[in-house]
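Asker: Residue numbers (the working numbering), protein chains in the order written: chain S, 1 to 120; chain E, 121 to 227.
Honestly, the hints are just simulated from the structure, not real lab data.
Here the structure is a predicted model, which means the values were calculated and not measured.
Beta carbons: idealized from backbone N, C-alpha and C, even for Gly.
Where hints are given, some of them may not hold.
[Unchecked claim] Computed list of lysine to aspartate or glutamate pairs in DMTMM-like fashion (alpha-carbon distance at most 20 Å, straight line): (1) S:K13 <-> S:D90; (2) S:K63 <-> S:E89; (3) S:K23 <-> S:D82; (4) E:K159 <-> S:D56; (5) S:K63 <-> S:D82; (6) S:K63 <-> S:E46; (7) S:K63 <-> E:D121; (8) S:K19 <-> S:D90; (9) S:K12 <-> S:D108; (10) S:K23 <-> S:E99; (11) E:K162 <-> S:D108; (12) E:K227 <-> E:D121; (13) E:K223 <-> S:E10; (14) S:K12 <-> S:D73; (15) E:K159 <-> S:E46; (16) E:K162 <-> S:E46; (17) E:K162 <-> S:E10; (18) S:K23 <-> S:D56; (19) E:K159 <-> E:D121; (20) S:K13 <-> S:D56; (21) S:K13 <-> S:D108; (22) E:K223 <-> E:E201; (23) E:K162 <-> S:E99; (24) S:K13 <-> S:E89.
[What the hints assert, rightly or not] Stretch by stretch, here's where chain E covers chain S in the computed footprint (C-beta under 8 Å, at least three residues): (25) 45 to 57; (26) 104 to 112.
In case you want the letters, here they are:
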Amino acid sequence: QVQLVQSGAEVKKPGASVKVSCKASGYTFTSYYMHWVRQAPGQGLEWMGIFNPSGDSTTYSQKFQGRVTMTRDTSTSTVFMDLSSLRSEDTAVYYCAREGNGNYYSFDHWGQGTLVTVSS
Amino acid sequence: DIQMTQSPSSLSASVGDRVTITCRASQSISTYLNWYQQKPGKAPNLLIYAASSLQGGVPSRFSGSGSGTDFTLSISSLQPEDFATYYCQQSYSNPRTFGQGTKVEIK
Numbered sequence: 001q002v003q004l005v006q007s008g009a010e011v012k013k014p015g016a017s018v019k020v021s022c023k024a025s026g027y028t029f030t031s032y033y034m035h036w037v038r039q040a041p042g043q044g045l046e047w048m049g050i051f052n053p054s055g056d057s058t059t060y061s062q063k064f065q066g067r068v069t070m071t072r073d074t075s076t077s078t079v080f081m082d083l084s085s086l087r088s089e090d091t092a093v094y095y096c097a098r099e100g101n102g103n104y105y106s107f108d109h110w111g112q113g114t115l116v117t118v119s120s
Numbered sequence: 121d122i123q124m125t126q127s128p129s130s131l132s133a134s135v136g137d138r139v140t141i142t143c144r145a146s147q148s149i150s151t152y153l154n155w156y157q158q159k160p161g162k163a164p165n166l167l168i169y170a171a172s173s174l175q176g177g178v179p180s181r182f183s184g185s186g187s188g189t190d191f192t193l194s195i196s197s198l199q200p201e202d203f204a205t206y207y208c209q210q211s212y213s214n215p216r217t218f219g220q221g222t223k224v225e226i227k
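The shape of chain S in the complex, shown without the other chains (with noise of 0.2 Å):
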């Protein structure tokens, strides 16, 4: 079956990087898009870019422009978003999550989710 399993909780400084990495296992990793997407304390869902681990390629939000960037490790079939110079309202739970094939581009799995707390 299909499986997203994130890294464990983050917490960072101010100005600060964090890497999380999303393991994918029950399919073909190369043949689907990973996007990421993270959710504030009792906020609601924000898009923050798509990476395609066939070719390496990636979309971002612009509002995580300079600051994102999404990578891939096909021998381990794992996915990695890195957020740099993190500010207090970086804080919040980060989403791997697969688009599915042939269902109109929806996430059809999606990662446990990770916290990452970014406080001085």
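Following the hints, put chain E in place on chain S, whose structure we already have.
Answerer: Quick look at chain E alone, frame taken from chain S:
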């Protein structure tokens, strides 16, 4: 960017009620509209894609309709496990924007 506006932001309903949530896009998105359910502390779960197609394993009491700019999610007979927050999302273009969410609470 395409703006997605949901209404209401919250609602109170009883078990067995019919519930309808609306979602409006700031421009036409054809039927590239998806609905997700999120329970506290959990990741969102896909319910409906392409405006009206039920994701596998989702109960048939959930249904979606609409095209262009106006969409609805309906729950025909609310069950205890349906109390959650619901989000619409457009997958027509990047950025893949979400509505602000509708919290369905127990009356």
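Asker: Need the list of violated hint numbers for this structure, in ascending order.
Answerer: Hint check: 4, 9, 12, 13, 14, 19, 20, 21 fail, others pass.
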